[in-house]
Amino acid sequence: MSEEILVNVTPRETRVALLENGALQEVMIERSNSRGLVGNLYKGRVSRVLPGMQAAFIDIGLARTAFLHASDIVRSAHTESETPSAGPANIRDLVHEGKEILVQVLKDPLGTKGARLTTHISIPSRYLVYLPGGKGVGLSTRIENEHERSRLQGAVGQFMDEVSQGGYIVRTAGEDAPVDALRADMLFLSRLWESVREGSANAQPGDLVHEDLPLPVRILRDMMGEGVEQVRVDSESTYKRMKHFADRFTPELSPRVQHYTGRRPIFDLYGVDDEIDRALDRRVNLKSGGYLIIDQTEAMTTIDVNTGGFVGSRNLEETALKTNLEAARAIARQLRLRNLGGIIIIDFIDMEDEEHRGLVLKALERALAQDPAKNQVCEVSALGLVEMTRKRTRESLEHVLCEPCPTCEGRASVKTAETVCFDVFREILREAGQYEVQELLVIASQAVVDILLDEESASLAEVEEMVGKPIRLQVESQYSQEQFDVVPT
1 MSEEILVNVT PRETRVALLE NGALQEVMIE RSNSRGLVGN LYKGRVSRVL
51 PGMQAAFIDI GLARTAFLHA SDIVRSAHTE SETPSAGPAN IRDLVHEGKE
101 ILVQVLKDPL GTKGARLTTH ISIPSRYLVY LPGGKGVGLS TRIENEHERS
151 RLQGAVGQFM DEVSQGGYIV RTAGEDAPVD ALRADMLFLS RLWESVREGS
201 ANAQPGDLVH EDLPLPVRIL RDMMGEGVEQ VRVDSESTYK RMKHFADRFT
251 PELSPRVQHY TGRRPIFDLY GVDDEIDRAL DRRVNLKSGG YLIIDQTEAM
301 TTIDVNTGGF VGSRNLEETA LKTNLEAARA IARQLRLRNL GGIIIIDFID
351 MEDEEHRGLV LKALERALAQ DPAKNQVCEV SALGLVEMTR KRTRESLEHV
401 LCEPCPTCEG RASVKTAETV CFDVFREILR EAGQYEVQEL LVIASQAVVD
451 ILLDEESASL AEVEEMVGKP IRLQVESQYS QEQFDVVPT
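Numbering-wise, UniProt numbering puts 382 at position 382 of the sequence shown, and it's gapless, one number per residue.
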């Protein structure tokens with residue numbers, strides 16, 4: 001599988017696209033006024049303790065207080081000695097209101113929810129993750145070769161005495177890394193942690209103590225591997241910064257970072273913008289003629305699979321199987337492309353054959369295996385639904401690029417013009433009963449006024465007779481279909 005990374009830079013926005021075999025798989029967007037917070041370290045102050053939720057709200061200087069659960073708080077040796085049973089500690093034993101605490105952002109603020117925090121600090125480098133509160137050496141589960149795992153564990157372990165106390169995790173990128181490179185990473189992380197500790201001691205509550213790397217450099221650290229054939233960057237200054245980082249930390253991969261100087265926008269060259277636009281639609285068409293309907297809500301994401309124009313060649317069961325197998329692959333790609341997370345419910349086309357259900361479930365799991373985000377798929381439920389979860393750490397593509405419709409306010413529907421007419425009648429009666437008026441002026445959209453003058457003209461005359469006052473209509477072209485005013489004059 002060949003991978004390619006495209007970096008598009010404009011004055012206040014950076015976009016990164018990951019392509020696999022020419023197909024867009026993932027999009028990341030970072031804007032200068034709303035950079036992601038995951039990985040950042042803050043000096044926080046406990047603003048409120050919630051014993052019922054075993055959590056606390058922490059002020060870290062953002063618009064909304066952040067959330068810290070008791071399970072995400074490092075327990076001191078003193079606390080552990082008081083609770084030797086290793087059961088969950090009480091939040092009141094861990095923090096109190098007004099306490100200052102060093103915290104790291106686990107999840108960006110999502111919708112109306114504040115950021116999710118932890119005191120289990122982790123600081124990544126190219127090959128390693130440093131855990132100041134940890135012990136020993138851990139390894140990524142994606143490093144499967146036992147000989148290599150033993151080599152890495154021994155290589156990192158032999159340098160533990162040279163650096164700050166704590167633990168290390170060898171990242172997937174650390175597989176086959178030279179011993180000298182691992183040692184250099186450990187020394188770098190040790191120096192960085194000492195700097196963070198000093199900064200935290202001098203910081204005020206709400207201060208940013210340590211910020212993660214900007215997106216273009218971060219993708220070199222997190223995504224640059226042997227499978228990436230090239231990284232193309234359309235900004236000279238960003239290219240130089242990425243090249244400097246690559247020369248220092250991944251010199252063997254540095255030649256793959258290239259400056260794109262073509263006149264045609266780099267995303268247009270690969271059709272990325274068209275793919276992004278399609279990823280914002282509810283409907284995803286399948287090659288067979290079937291399609292998906294993807295609806296994202298605050299509670300969950302639902303995906304409905306439909307046969308559409310695909311009728312198959314034999315029978316309904318075969319048609320359902322072929323459509324579901326194609327849909328399983330498309331769903332895995334869409335989850336990653338749209339960065340959908342949390343609870344996801346998939347309504348595949350009903351299949352009677354138990355073996356066919358198993359084939360679709362396995363196809364979905366195989367397709368999801370390529371997704372770097374942690375996910376878990378459950379068996380087909382009694383209602384024929386597949387329930388799954390996908391780890392969510394940042395806003396979805398839709399939430400980054402879109403906002404709720406100002407007309408329907410995110411309901412995805414508006415009142416009919418007829419319904420609004422009856423709302424107008426009720427408002428007329430309300431206004432006439434409260435005020436002494438000579439006349440009532442109704443200001444509404446063209447569609448509503450047309451119905452009041454046509455289908456509902458008799459009803460309007462009846463209401464006029466009831467209030468005993470003349471009613472005048474006026475069209476306001478700027479009003480949405482649901483908007484209207486009844487003005488007593």
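Treat the hints as calculated values from the structure; they're not laboratory data.
Hints are supplied without guarantee of correctness; some may be wrong.
DSSO-like cross-link-like pairs, simulated, lysine-lysine; straight-line CA separation at most 27 Å [claimed, not checked]:
1. Lys391 with Lys113
2. Lys362 with Lys287
3. Lys135 with Lys322
4. Lys374 with Lys362
5. Lys374 with Lys415
6. Lys113 with Lys99
7. Lys362 with Lys135
8. Lys243 with Lys287
9. Lys391 with Lys374
10. Lys113 with Lys374
11. Lys287 with Lys240
Report task. Output the numbers, in ascending order, of every earlier hint that fails for this structure. Result -> 3, 5, 7, 8, 11
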